[in-house]
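Please build the complete structure, drawing on both the sequences and the hints.
Protein chains: 2
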Amino acid sequence: MPAISPLAVPLPALPVVKGVRLGAVEAGIRYRNRTDLVMVDLPAGTTAAGVFTRNRCPGAPVDWCREALAGGKARAVVINAGNANVFTGKAGRTACKESAAAAAKLLGCTVKQVFLASTGVIGEVLPHDRLIAALPKLHASLSETGWEAAARGIMTTDTFPKGATRMVEIGGVPVTISGIAKGSGMIAPDMATMLCFVFTDAKLPADVLQAALSRGVAGSFNATTVDSDTSTSDTVLLFATGQARTPRLPEGGVARARMLRDFTAALHAVLHDLALQVVRDGEGAQKLVRIDVTGAVSARSAHRVAMAVANSPLVKTAIAGEDANWGRIVMAVGKAGEPAERDLLSIAVGGVWMAREGTVVAGYDEAPVVAHMKGREIEIAIDLGLGRGKATAWTCDLTHGYIDINGSYRS
Amino acid sequence: MPAISPLAVPLPALPVVKGVRLGAVEAGIRYRNRTDLVMVDLPAGTTAAGVFTRNRCPGAPVDWCREALAGGKARAVVINAGNANVFTGKAGRTACKESAAAAAKLLGCTVKQVFLASTGVIGEVLPHDRLIAALPKLHASLSETGWEAAARGIMTTDTFPKGATRMVEIGGVPVTISGIAKGSGMIAPDMATMLCFVFTDAKLPADVLQAALSRGVAGSFNATTVDSDTSTSDTVLLFATGQARTPRLPEGGVARARMLRDFTAALHAVLHDLALQVVRDGEGAQKLVRIDVTGAVSARSAHRVAMAVANSPLVKTAIAGEDANWGRIVMAVGKAGEPAERDLLSIAVGGVWMAREGTVVAGYDEAPVVAHMKGREIEIAIDLGLGRGKATAWTCDLTHGYIDINGSYRS
Numbered sequence: 003m004p005a006i007s008p009l010a011v012p013l014p015a016l017p018v019v020k021g022v023r024l025g026a027v028e029a030g031i032r033y034r035n036r037t038d039l040v041m042v043d044l045p046a047g048t049t050a051a052g053v054f055t056r057n058r059c060p061g062a063p064v065d066w067c068r069e070a071l072a073g074g075k076a077r078a079v080v081i082n083a084g085n086a087n088v089f090t091g092k093a094g095r096t097a098c099k100e101s102a103a104a105a106a107k108l109l110g111c112t113v114k115q116v117f118l119a120s121t122g123v124i125g126e127v128l129p130h131d132r133l134i135a136a137l138p139k140l141h142a143s144l145s146e147t148g149w150e151a152a153a154r155g156i157m158t159t160d161t162f163p164k165g166a167t168r169m170v171e172i173g174g175v176p177v178t179i180s181g182i183a184k185g186s187g188m189i190a191p192d193m194a195t196m197l198c199f200v201f202t203d204a205k206l207p208a209d210v211l212q213a214a215l216s217r218g219v220a221g222s223f224n225a226t227t228v229d230s231d232t233s234t235s236d237t238v239l240l241f242a243t244g245q246a247r248t249p250r251l252p253e254g255g256v257a258r259a260r261m262l263r264d265f266t267a268a269l270h271a272v273l274h275d276l277a278l279q280v281v282r283d284g285e286g287a288q289k290l291v292r293i294d295v296t297g298a299v300s301a302r303s304a305h306r307v308a309m310a311v312a313n314s315p316l317v318k319t320a321i322a323g324e325d326a327n328w329g330r331i332v333m334a335v336g337k338a339g340e341p342a343e344r345d346l347l348s349i350a351v352g353g354v355w356m357a358r359e360g361t362v363v364a365g366y367d368e369a370p371v372v373a374h375m376k377g378r379e380i381e382i383a384i385d386l387g388l389g390r391g392k393a394t395a396w397t398c399d400l401t402h403g404y405i406d407i408n409g410s411y412r413s
Numbered sequence: 003m004p005a006i007s008p009l010a011v012p013l014p015a016l017p018v019v020k021g022v023r024l025g026a027v028e029a030g031i032r033y034r035n036r037t038d039l040v041m042v043d044l045p046a047g048t049t050a051a052g053v054f055t056r057n058r059c060p061g062a063p064v065d066w067c068r069e070a071l072a073g074g075k076a077r078a079v080v081i082n083a084g085n086a087n088v089f090t091g092k093a094g095r096t097a098c099k100e101s102a103a104a105a106a107k108l109l110g111c112t113v114k115q116v117f118l119a120s121t122g123v124i125g126e127v128l129p130h131d132r133l134i135a136a137l138p139k140l141h142a143s144l145s146e147t148g149w150e151a152a153a154r155g156i157m158t159t160d161t162f163p164k165g166a167t168r169m170v171e172i173g174g175v176p177v178t179i180s181g182i183a184k185g186s187g188m189i190a191p192d193m194a195t196m197l198c199f200v201f202t203d204a205k206l207p208a209d210v211l212q213a214a215l216s217r218g219v220a221g222s223f224n225a226t227t228v229d230s231d232t233s234t235s236d237t238v239l240l241f242a243t244g245q246a247r248t249p250r251l252p253e254g255g256v257a258r259a260r261m262l263r264d265f266t267a268a269l270h271a272v273l274h275d276l277a278l279q280v281v282r283d284g285e286g287a288q289k290l291v292r293i294d295v296t297g298a299v300s301a302r303s304a305h306r307v308a309m310a311v312a313n314s315p316l317v318k319t320a321i322a323g324e325d326a327n328w329g330r331i332v333m334a335v336g337k338a339g340e341p342a343e344r345d346l347l348s349i350a351v352g353g354v355w356m357a358r359e360g361t362v363v364a365g366y367d368e369a370p371v372v373a374h375m376k377g378r379e380i381e382i383a384i385d386l387g388l389g390r391g392k393a394t395a396w397t398c399d400l401t402h403g404y405i406d407i408n409g410s411y412r413s
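Chains as they are written, first to last, in our numbering: chain V, 3 to 413; chain B, 3 to 413.
Please keep in mind that the hints were generated in silico from the structure rather than gathered at the bench.
Don't take each hint at face value.
Since the list gives no way to pick out one identical chain from another, each pair is judged satisfied if it fits inside one copy or across any two copies.
Under the rule of at most 25 Å between Cα atoms (straight-line distance), these lysine to any residue pairs were calculated in the SDA-like manner [as the list claims (entries may be wrong)]:
hint : residue 1 : residue 2
1    : Lys-20    : Asp-406
2    : Lys-99    : Ala-10
3    : Lys-20    : Ser-216
4    : Lys-139   : Cys-111
5    : Lys-376   : Val-123
6    : Lys-92    : Tyr-366
The structure is reproduced here in structure tokens:
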């Protein structure tokens, strides 16, 4: 069991979200003496939205969720840790179908109202008989306060449970948005993180939910990376139970956006909070790194430059060594393949501009930068000097811990 | 001083290439008690070709060589180790101009016939006065047999000197092709390696040389990666002294290609040999990894899939841990963004097909694969089952050694 990440944050108190009942149980799928199966019971009328991995070899549960999402309605989520049910062929599809059928029978709903997610080892057949055998007891134990149990039950190489919550109003009616997430390695940003589940008691149609989620993921999970390796299981699901009885949305786009402004901002804050918790638990991470890129030709270009820096092993090992090696930052900017002019480029670390206009700043004093590099949270700013495009990315350092975890553990 | 790579190969005896005189000297640019400045003297009439980094923040010597190459003629190459002269602004351009002028004066040629290359720390001004002060003694010491001295003088974090040679005929006249290279970290494949210099005594026009070099680099340096980080200094230069008095090339494209067939093959073999030596000296490398992709929709698509696997930290750490973790290979294939069908995909390690048609092979015996993983040279084969495109990439494993070297050493 690796030590808890030095970047860990405590799990916040996650309040009741009206209509959501959840919990965890030991199903013995792979781990021993810990919970590994989580169920969420959702009331009739719950709408759903989802964003999934862009990996071309997705796991069977990802295929399952994509199909289930077409209905736009949800009654349950079943999540197991320890086995990802990825690259398991026909056996994987059977495991999904039978697990969903078992949950649907308990809840009295259709199989396509059951969402599934799995995380853990790839390429081993999921022993879904154990999952199904554990479901009735799990179902009987669900409660409105089972948030921490659920957050812990979905962990794999995670060293701390991850959750976030916000309260806002829609049309004067208070609503809650709460989410849990897991993820530590195989985290790269072309879609989402490993697994993230967000719940609200707002009453919102599935298309509104999907639009809000897609926008929110772009600025949160898709702007983070631990190791550039996009998982086969990345899943972010958002459910709205409608139990808060928020008013019907106005038809007009502008009026609708105005009514949802606070909700959308709070949802994005929850997603952002959870995404950063995943990076804080990056395998072997000792430092959280924020990379702000400005002056790019477009926001898209800025994002690509920021991600090139965030994914550079040489930048990440330099940060692990507490070395403000801006030469490697220059290299990473240049390799991104985006418009960049060496002689217009400026780089700051910890707020100190150390390189400007193609060379080191005259009289550059390394002392404050050295002090910043010894901290837990590192800030890199890059100005390309070309336009108004900007973007931010988050990553962690690359340490011996990453090699230890991944050179010995079959995940 | 790190131990010599366990994947090192001995420097071959590099024979005289008619017209090429070279050597190395201690200029004290950064290192102490070792050679760090190399010069190559080339006869009048030498033609040149070059391929450079696609990094958008190239070093001053890369800019210099691109301009020099426009002339197509070369009389000298001057290379220093310890300082890359990258992101050094006006001072970097001055260093190039004055270094080339000093060499040109010694040789009685124009400054644009002097090619420059630098490798080492980024962002520090090159003390070119030391370089210039050391040039006369270096020039006086050049010899036809200075190959090993030159191969050693350009090393930075390299643990062994790198060279390759082939002898072939052009129109019945024997010619020699010999090259030296350096590189160990910041090695990624969008153009070349750090530095590689190849010499032949064939008499070939610059455009023919350039075409042969560009094709050769695509299948060698551009198909290798150590750490996905494309250097700011990558340079491959090819010089033909013409001293072997090979016959004039025929005008027709087909007749010309036929006369050059053996030469082109030998040149590609030299480039391939040198590129693999760089991977063998990858920072922290314990294993050399070959990835063959077949069945892709095109060769370009196959190359991208192969490089995605070669650059995956999770695949590379699994190999370091001697774990034939094909689940991570599936993940890396899927994240490449190229056409791939999970259920058509097959994966072999060490010649044993372990995964086929979306799941593990029935009755898969892990024993021979486990034995293969304990070796120094690892072979991964991936068949996408979609088309006839194929490609091969080479990389090394990702070990604690890489973190040690890059987390503590300012390179």
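Verification of the hints:
1. For a Cα distance limit of 25 Å, the shortest separation of Lys-20 from Asp-406 qualifies neither inside one copy, at 42 Å, nor across copies, at 51 Å.
2. When the C-alpha separation of Lys-99 and Ala-10 is checked against a cutoff of 25 Å, the pair qualifies neither within a copy, at 36 Å, nor between copies, at 52 Å.
3. Within a single copy, Lys-20 and Ser-216 get their C-alpha atoms as close as 24 Å, which meets the 25 Å cut-off; across copies the closest is 64 Å, which misses it.
4. For the identical chains of this complex, Lys-139 and Cys-111 are intra-copy neighbours only, at 18 Å inside a copy versus 87 Å across copies, given an alpha-carbon limit of 25 Å.
5. Taking the closest pair of Cα atoms, Lys-376 and Val-123 come within 25 Å of each other only across two copies (22 Å); inside a single copy the shortest separation is 35 Å, beyond that limit.
6. In this homomeric assembly, Lys-92 and Tyr-366 come within 25 Å of each other (Cα to Cα) only across copies, at 17 Å, whereas the closest approach inside a single copy is 62 Å.
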